[in-house]
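Number of protein chains: 4
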Amino acid sequence: MLSSADANHPALVRIPTWVHEKLSPKAVDYIKRVHYWVETECIPAEPIVKAQLAKSGRWKTPAIIHELRAKAKKEGLFNLFLPKHFGDLSPGLTNLEYSCCAEIMGRCYWAAQTMNCHAPETGNIELLAKYCNEEQKKKWLLPLLNGDFSSAYSMTEPDRASSDATQIACRITRDPNDPETLVINGRKLYGNAMWNDDLQVYILMACSDPDNPDAWKRHSTVIVPKDTPGFKMVRNLSIMGYDHAPEGHGEYLYENARIPASNIILGEGRAFEIAQGRLGPGRIHHCMRLIGQTERAYELALIRATDPKKKPRGRLIGDFDSNIERIASMRLQLDSLRLVVLNAAHTMDVHGNKAGRYAIAQSKILVPATAAKIIDECMQMYGGQGMTQHTPLPEMWTYARFVRIADGPDAAHRHQVGRDQLKTVGPIRDRHDGYQKRYKELCEKWDVDHETIVGGAL
Amino acid sequence: MLSSADANHPALVRIPTWVHEKLSPKAVDYIKRVHYWVETECIPAEPIVKAQLAKSGRWKTPAIIHELRAKAKKEGLFNLFLPKHFGDLSPGLTNLEYSCCAEIMGRCYWAAQTMNCHAPETGNIELLAKYCNEEQKKKWLLPLLNGDFSSAYSMTEPDRASSDATQIACRITRDPNDPETLVINGRKLYGNAMWNDDLQVYILMACSDPDNPDAWKRHSTVIVPKDTPGFKMVRNLSIMGYDHAPEGHGEYLYENARIPASNIILGEGRAFEIAQGRLGPGRIHHCMRLIGQTERAYELALIRATDPKKKPRGRLIGDFDSNIERIASMRLQLDSLRLVVLNAAHTMDVHGNKAGRYAIAQSKILVPATAAKIIDECMQMYGGQGMTQHTPLPEMWTYARFVRIADGPDAAHRHQVGRDQLKTVGPIRDRHDGYQKRYKELCEKWDVDHETIVGGAL
Amino acid sequence: MLSSADANHPALVRIPTWVHEKLSPKAVDYIKRVHYWVETECIPAEPIVKAQLAKSGRWKTPAIIHELRAKAKKEGLFNLFLPKHFGDLSPGLTNLEYSCCAEIMGRCYWAAQTMNCHAPETGNIELLAKYCNEEQKKKWLLPLLNGDFSSAYSMTEPDRASSDATQIACRITRDPNDPETLVINGRKLYGNAMWNDDLQVYILMACSDPDNPDAWKRHSTVIVPKDTPGFKMVRNLSIMGYDHAPEGHGEYLYENARIPASNIILGEGRAFEIAQGRLGPGRIHHCMRLIGQTERAYELALIRATDPKKKPRGRLIGDFDSNIERIASMRLQLDSLRLVVLNAAHTMDVHGNKAGRYAIAQSKILVPATAAKIIDECMQMYGGQGMTQHTPLPEMWTYARFVRIADGPDAAHRHQVGRDQLKTVGPIRDRHDGYQKRYKELCEKWDVDHETIVGGAL
Amino acid sequence: MLSSADANHPALVRIPTWVHEKLSPKAVDYIKRVHYWVETECIPAEPIVKAQLAKSGRWKTPAIIHELRAKAKKEGLFNLFLPKHFGDLSPGLTNLEYSCCAEIMGRCYWAAQTMNCHAPETGNIELLAKYCNEEQKKKWLLPLLNGDFSSAYSMTEPDRASSDATQIACRITRDPNDPETLVINGRKLYGNAMWNDDLQVYILMACSDPDNPDAWKRHSTVIVPKDTPGFKMVRNLSIMGYDHAPEGHGEYLYENARIPASNIILGEGRAFEIAQGRLGPGRIHHCMRLIGQTERAYELALIRATDPKKKPRGRLIGDFDSNIERIASMRLQLDSLRLVVLNAAHTMDVHGNKAGRYAIAQSKILVPATAAKIIDECMQMYGGQGMTQHTPLPEMWTYARFVRIADGPDAAHRHQVGRDQLKTVGPIRDRHDGYQKRYKELCEKWDVDHETIVGGAL
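Residue numbers (this note's numbering), protein chains in the order written: chain F, 1 to 458; chain L, 1 to 458; chain R, 1 to 458; chain Z, 1 to 458.
Chain F on its own, in the form it takes in the complex (with noise of 0.2 Å):
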């Protein structure tokens, strides 16, 4: 059980109890040490990278950033999302632990990536942990959790329903000449942008054998250097404007882009086991960061609505009833959405990631769409100024806005929950036919005729 002093800190304090209790005390400092280096080293340094990006041409990571993941390396707060399996190199915290780590790390864009816990890196990582041989992992796993260089994934196509992985069309044939080599053709979304230096490789899925029978042995994936001739960059895609640089998200064209078929991950046709292991403990973490963003939008209302110089008809913001209830509104909401992102990371300590489907599509599901309300009704507290960088709010909403459609559409999402519990429903019928059963007996028991009762049925 956590002191007093320790369940009231910031870091702390709006975590539930139940969770304090399942704190260890390592976890308890990792979590008061990623908070004080959010808080000091992170947001204040905000305007820094935007600085620096503007001077460098956007595309160049900036200089702070560099420097603040040396610091944060040296001080062990690198790579905190390890799980206890990754041995010497985790911190060994459980997933409920590494989640209130996230929130706060949320709080500012990139201070996950201070700590080399961002994504698609933390995703990439434990995949090529998982599915590589031992030559692959030291050429592209180690770099990656030493911080060397970054990676990106590369799967979304335009002109395929993105929700449908079996459509990816992007071809893998092996050169007739050479089979030792792949030859790939193909146009992709997204996946960071090459322009930035640090970026070293992609992880491709894309499919290898488009004639065998089963759907799901289509597909492979492979490892492609950023250097691969034919392998291009056609233009960063921005998201509801912002060009997310200087990592970005790039519009890709292979053309005949080659590559040893030695970068094939766990082997041929094997891209679905492979996409199957990846998603789970991540979509918590960007679920986290989301309600530590959103706690940080929330903060700022509270600092309008109690602002001195802004007094509409001579009362302060948070005067007004109706900005009253919003507030409370948004903390009620935003506090509920903690607490099922905890019990999800949670499930899956106890019971595995598979266990934890449905609760990390509860979180999927109700985090993305909740936080971007959140943080409009904050924008909106802030009238016009709220839509400007005189706040940092128009790129929160975005981030939320994105997060909601970034692993698919939440329609999809709920379409897969929805069947599932159409699945459960034959012991619940079965139960509501004992009520009737049971009923009639109970009716020749009181007397009762059945058939003509006005009253109401079960």
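Because the hints were derived from the structure by calculation, they are not lab data. Just so it is clear, the structure is predicted and the values come from calculations on it, not from any experiment. Cβ coordinates follow ideal geometry from the N, Cα and C atoms, glycine included. All clues stand as given, with none of them false.
Keeping only pairs whose Cα atoms sit at most 25 Å apart, straight-line, the calculated DSS-like set for lysine-lysine is:
(1) R:Lys437 / Z:Lys55
(2) R:Lys84 / R:Lys354
(3) Z:Lys373 / F:Lys373
(4) F:Lys60 / F:Lys139
(5) R:Lys309 / Z:Lys437
(6) Z:Lys71 / R:Lys440
(7) L:Lys445 / F:Lys50
(8) L:Lys217 / R:Lys311
(9) L:Lys440 / F:Lys309
(10) Z:Lys60 / R:Lys445
(11) L:Lys137 / L:Lys217
(12) F:Lys55 / L:Lys445
(13) F:Lys130 / F:Lys217
(14) Z:Lys440 / R:Lys309
(15) R:Lys84 / R:Lys130
(16) Z:Lys74 / Z:Lys137
(17) F:Lys60 / F:Lys73
(18) L:Lys22 / F:Lys26
(19) R:Lys232 / L:Lys50
(20) R:Lys84 / R:Lys74
(21) R:Lys130 / R:Lys226
(22) R:Lys232 / L:Lys309
(23) Z:Lys354 / Z:Lys130
(24) L:Lys309 / F:Lys440
(25) R:Lys26 / R:Lys84
Some chain L residues flagged as far from chain R (calculated, every beta-carbon gap over 10 Å):
(26) Pro25
(27) Arg174
(28) Asp420
(29) Tyr435
Given the coordinates of chain F, work out where chains L, R and Z should sit on it, guided by the hints.
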């Protein structure tokens, strides 16, 4: 930790893992027994209760309820809500454990009553236990614990803002000729109906000292026996058209009603002390029962969605994507609500009712409004029939709507939460001021001119 | 154009200017008379109706209603809904003009009935007028027009998807021994209650030719007199607990009920032809009445908001900004709904019922759902009392909720609109393809390379 | 009345029948020409504009815009918004007729600009025409009408509640040594960017008489030429990350900026007189353009829903019921919004801007919020691509969100409406008191004891 069989028991399967971990074997046993009781003895008997009510003219407790109460008592399922400080009378369940029972009780509107765990009895019992002297306890508390008669709580008045209890105007004066006799005059709304034979006493909050400079010391709480001359029930107040017989909600008139001064609880002018202690856990119980009820509505929606007799345009209702998404949304929201209430229950267990105030408000605001929406959606899936007595859904919706207003409109609760939140702004503003200070240090270090920066603010 | 006095008359002040311009002097006169009638004769009599119902055992039309109907007839306020083609019987109002009357009628639940303008009478009268032969008209239409007895419409069945009328299974066969006699077997839901003396005939839609290859020709519409042997009412169906007496909603059983074949309307197998023509204007009337009712709920909210007896925390309810905003939202939405329905009415006037199909659906989908939300908000402003019989709000909400499902769930209507919309995509796509073509011309003219453009698509 | 061909023309088909009836032949001709213009010259040129902006460094009006403006002028499509009182300069369209043009203009973000019908020009032109003396008109109004240069409006300040213009603090003083020279000091937000060559003058609202006891007479409106020394633009304010180049939204500093006193409009201290007259029709135009833009977003959704290349789980997006319902909802809401705005336009035509105040507020509150939701839904249908520059949807959403806040937050407008409504309660309360009185008469007539009635109140 629960066995896998217990974890998947219908009574426990929706309870989150972190709660599973906290349930004592005794609690698990109670939960399963309550489940069996409700599923076997209560739900199937619902139409019997209606038939007996219709036959008896509505204001007599149905014979089957009497029988079930006797049986529940014999089986040790009576007074489960009693907190540990009731000693041997209490089953010793934590708030968290009892909440799991309450959810199940909520599946049938009157199931809690068969276990003597219904409102307003639970609140009244706690009140009498906490504030009565020994003689009073013997007279009123013991029979209630024993289930010998029932009680009502009387507070709200017409023509007063019910969210502001200091305005209560019903007047208690001492008879100048007989100072040990109190004379009561006024009109009250709500409180169970006098027309039911089982009801014997009213716990009344009224104004005894209107001129006291301290507005919180003007009121007293007294016991008024039902047969007090001058005390009469004007009419039963229907709720959305339901008479809620045989308990009902009376409108009352006190015309020189006389009671002995020994019926004052705790002491003159101490009504607010009493009122404060009353509502916390009760609100949580209400919310959990509402969740249980909404689960049953949800089950009915699943059954309808898969009913082979209902196939608009040749497809099952549950084959339509729009309905699949609706089912998912209901499921996700309902599970989120449960997390909120269970968190409130656990917070009260660990930190006490007072510390749980925010979490209780969170439950009170979120649960009834959302439950009503879910049940409304379930009705809609049943088409026109969903609004008739062919399903229990209309009564369920009405109950949810009623709970939303029962302890004060949710706007009043939101207001309280919002005002409390605004008071927390001090240290948040300090932290944000700290960002600015640190930012200026960083500007110097990195040679950034913060006056001309285009990028964005903190 | 209206005089300023007329434009500001309470009966007309909320009607938009463009409608004012289209009202004939005769219509203005009717509207004002209907307003006087409803305000003076109906609304103040609401509790009298309830008292008479209670006294008579609920299933007898109250004496005051009979009196008011006689008086309305005498004053020329009977059958105002009749379209012009009814000749002398019709007051000659357009749909738009009658809609203004209907809104006012909606302020009192049963006011339309005093003017013989209530459902299902209006639809039944139009149906009989359009499809009956002269003999049938004499027997059933004239008495309805005259207000001598009332009729019911019987279509929905349990265990069938009510949104798909081709599934109707209630069976009409010819008696093999007496081909001029029809034998009916089946179960029906809804249709006013047989228990009311004033009701005499049922218009029944049932299956007469189940094997017809054309699913739209399998059903016939027949008249079933109430006293037909073998035809009985099983129970009254309550709506959200309300019995809606003395009209009610019956559940019916046909067990070898026999009627003469001359009771077939239009001809065997022609039920769908009849059904098609029935609903258009009726749905608009329903919607306008609902708007009128919601206006009255809104007035009650204004009254509560300014009630000097209700001052939580010392302020009027209407002094709270949150309530000020709620009142504005209600006002704005309600006025938008009126625009929608009046537009539908006018579209039908100019282009006919069929062309108005979309506008009718727009009304049907938007009005009841929004009206129910507004009334719910008004209830909330009344606190607990808002749900009791101390206000008419619970019955108003129930009516709005009922209209939402009455002619099929709104999802079914939305579905139809959405499918129609998707069919319109052809020319839209052509236009958008045209943009691309023209864009490429412009690229050449302005020397832009559209392959590498970063900016954005059409 | 329109010919059937005109009524079904894409420019007119969604306009309601009652508006069709009010369009003059000239207006119909304008509407069709504007439609042709926007469809042929504007929408296909959108990426050209972006390319030219990128090439020129963003702050130069693209050559194609200049060309289009010249061409539109030649074709008589310039200044269509000018009301009739502008005489020969005006095309003579009513608000209602011009609204139909404005909707079409809104389909392309900058189409209105090609026709000199864009904000803030339209408002500024009306202001100058209404309040300038002849000399001022020659200097500033004529060039604006002629399209020779552009203007900005400057009102909002940081650190003031922008919804309360009496707090405006930017200071105008007379130079003590040269009373015919005004000296301006202060900071302003918004107003188009000085960086654009075409912009020449700012219409500034500032405080000239802070001690005037009448708070509405403390401010003056003056013209500030762009090249005034001491007047500088600090930065461009992005809106949700968009720079909105080449017009932009500047942040400005006035440091002893000096202008001649002859630049005062109307007279010292008369800024509020001027401000009052400015916004009415402009808000309607904004709303209609927003509806046009949302129509285009909707068309994109239809196209996506039927795109044969996008088939998740083998079905078109538009084959999913959930999407069919979403499309219907969008359609229904959008058409309702149009009815609201057109009604406001017509009300202004008939009764003047002042009488239209409520209808304008109705548009202002309902349109932007709903439009933003609809566009958001359209984005969601495009999956991840919907947020990138592959569609114009992100800019559309941002515009809608911006309009929601542009003339004050919608809460402020709702507040005004709500307060106005509460003032109307007097006669309503009288009517309701009348019900009670009449009710008591009826109680006597029908022998009902209204004290003991169970049924229900008025």
